[in-house]
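Student: Using the hints provided, position chain A relative to the given structure of chain F.
Heads up: the protein sequence lines correspond to chains F and A, in order.
At position 157 of the first sequence (counting the first as 1) the number is 157 in this note's numbering, and the numbers step up by one without a gap.
At position 26 of the second sequence (counting the first as 1) the number is 26 in this note's numbering, and the numbers step up by one without a gap.
In short, the hints are calculated from the structure, not lab data.
Just so you know, nobody snuck in bad clues.
Computed footprint of chain A on chain F; a stretch qualifies when at least three of its residues, placed anywhere within it, have a C-beta under 8 Å from a C-beta of chain A:
#1 212 to 221
#2 243 to 255
#3 260 to 266
#4 277 to 286
Note that the Cβ used here is the ideal one computed from N, Cα and C, for glycine as well.
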Amino acid sequence: MRIRSLAVAALAALLVTAACGGGGPGAAPTSNVPDTIIVRAALPLTGADATPGGFFKNAYELYVKRVNDAGGLNVGGKKVKIDFKIEDNKSDAQTSGQLYEKFVTQDNADFLLGGYNTTSVTQEVKVANRLSAPYVGSGGASSSIYVDNKWAFGTLASIQKLSGTQLAFIKDQQDAGKLPKPLKIAVAYENSSHGNEFLQGINDGAKASPDRYTVVFSSAFDLSGKDYTSLLNRVKDAAADAFMVDARVGDMITMQTQYAQLGLYHKYLTYGPRGPEQQARDQLKAQGDYIIAATWFDGLMPGDNVKKFTDLWTAAGLKSSASWFEAGAWEAARILFSAIEKAGTVDKQKVHDTIMSTTWDNSIFPGGAIKFGTTGQADNDYVMTQNTPNGAHILIWPKTLATGAATIPIPKK
Amino acid sequence: MIETLVRVVEAFISALMVAGLYATMSYGLALIYGVMKIINLANAGIMMLAAFTTLVLWQTTGLDPLVLVVVVAPLFFVVGAVLEVVVVRRVSAAAPIVSLLLLFGTWLVMQAFANLIFGGDVRGVRPAYIDSVVHVGDVTLAYNRIFVFVAGAVILVLLELFLRGTFLGRAIRALAQDREACALVGVDTKRVSMVAFGLGSALAGAAGCLLTLVFPFDPTNPFGVLQLKSFTIIVLGGLESIIGVAFASFLLALAENLTVTLSRPQLENLVSFVVLVVVLVVMPGGLAALLRRRRLA
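Bound conformation, chain A alone:
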């Protein structure tokens, strides 16, 4: 009984660690959807390219990915902004399926590009502290996972500060609420959309950078599975809520870890997708809508 309890606590803490990465990779998706009502299927491709960029920078400079995130995220802000201007803007007024297909195609192009340049080998970044762990009672925590969690939390705080404390951030939030009203009061909606897409891409870039500390990767894996988990997270969190995304990341990671601990490990991915379907049916607005309803009541 006590052993099971310890394992549940471990699953809880382990979920917290994974949630940092889950949240970082999902913020961008939620932000872009909130502002532009577009599901950025190229999110996984951006994460993947950021992971390879991190690998190259790590190999050439020896700098830790935790430092490199400061370089990689701005770089992918530019990539995202260019993508928005050159590709996404052209179809922003079209039916949602058009942007969906276009960004899916962009993801495939990114994959083919990475295959061409880097090949299909499994790669990874191995910092000096890869073997280092800290023991908290019976629970063992690896440094690399702690660092990724902390970085994810820092990114969440910075994102919230930016969205609430700056004019551009407030403009992004306003655009997410009412695009027409923003245009009427003189907000440059095109520019703000570009910044939002760039910011979303920068967040995906940061996730790709941090991911190298935890997972081996190739042009395909594990980005496809992570992309699907991101969908679950933003649906669960509420498609436009950054805080909701953070909570949803933790809840999903916890559900997965408890499944592995208390049930059968091969059900882990099934849990994610069952959650996606259930949330869409039972509470389509996600956690954010649920909290709003409670506040109103």
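In isolation and in its complexed conformation, chain F is listed as follows:
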């Protein structure tokens, strides 16, 4: 009697497990797969970050349209359409967090695509973790976002790695005799975790190789500054060889304008990931020439995948060019939807595990593949660019991707 009861209980447990979608990846019966999956994203469609928000929107919508036009995702042999909606977070981090909470608790979203800018993404990742919702994004590179993270994945490599990449390039230039050893560096960085990590990366490099890099000045500055004269004069007094800045586009334009007006000169000048953006080039004209940047993607990169992506962008007739904003959002969407197909289920844990355990080949990012680390952040290489006269730019690093020789030291005007 007792054995019979145990057998019945075991059978019941098995049935319940099966009903909950248990079993290995791809083993879920198609009856458990819904006809549509709900995916949501909050983006800054208005406010300060409306421009990059628009780039993200274009990429997400184009990706989802292509999937749905092809009949949907293939989940365990069943074609599943994507119910995708974007809501405007008005460039406000709190609003973004609230929207993601609503997506999961009211819209019953199965999966989330990420928003843009460090502060917003930080809030979004907190919500994703609190509500155990798989989230893939490309709008935040600061490592602080991914502390104690489980459910979120970020396709952008860290800001410290950005600094490290620039130092590796500088090392190469020192070995070629183009930059002095040690290089005296002045650092100015925006007062945010993004900026702090930029400085940290440079300090780490200087600590590891004091014979190559010396930080002679470092200072944070407030966002949306109106006059950088005093800061730039302090940079001038530091008599550095290199000026390395981490700034947003608006601040970069103001600072670089004043930098040129004050007649400052450095052999090496960077604004972190900023430089080749069309907005900055349009504004700065010749003042923006020779600025060096390290970024997560550039449309000039060689390779079939990159060409296909940029061609797709041109064919779609979208106003924006294929920059790292669109490329990152595209990769986030590609990884999330590919993971659902690969997992063969919409089970959140299984999709999460698939994202984490897979090396996502055929990437348009440098290296051609994305693999997430234990924190959920990707660790891809950066590609470095240098602005050239007439509003163009070239790839200068890594050597395998270079489309031209860097002009180092920067010529005096």
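Tutor: Quick look at chain A alone, frame taken from chain F:
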């Protein structure tokens, strides 16, 4: 030691340059508060729309913003006057919070409108002299900042001449002192309020126009931060004093620049808001009240 002294002098001169813009964007706020006892939260929105108007006019006509200010300021006088008649007048008798919220809403509408028309891209005006500088000893001054300072000073003089030398100007000052007495002696308070709001908006429009020479901008930035600085300036200067506003603009810019020069640059904005809190607590009447007290003593 000498190097630090040079940097302090530079900070002083740089503050003077920035003060021109600070003052221009704050005059309107002070004027409207003085006459109507309303904090015009749409001031930043008007500056922003004026900046975009300047951009469009610069792109289409090629005229310098220093010239365009003559077109943009009157245009925004009309915008302000219409805003006063259609929106503000309806709530002028209500509790202050009502006009505050209404004008905040107006600012948001303006932002959404600019986003819709111009998008969120960072824009800017780049006149031919953007690279030009003048050297005074060790101090380098950019032409664009000198021009903005001079324009701000000219606007201050013209405003003072208007307020002291014309009947309408005197009526505005009288209304700021005693609205009821003005009504009793036959001043058309509604008309004068409309003119004051229009004038305040024209000044914000002029500031928006001049600002394009110095800052890149989008529908949000840098107008929000500048609006907050304007509050600090009018509180420091005395809410109804135009000359006080001019002095306060310089003092705030100097405090910010000295902070960056002698301390940590990221404390710059903090200084503005500490000044706001301290002035509200220690001398709520601002510099103007302080000077009045000294004169009486």
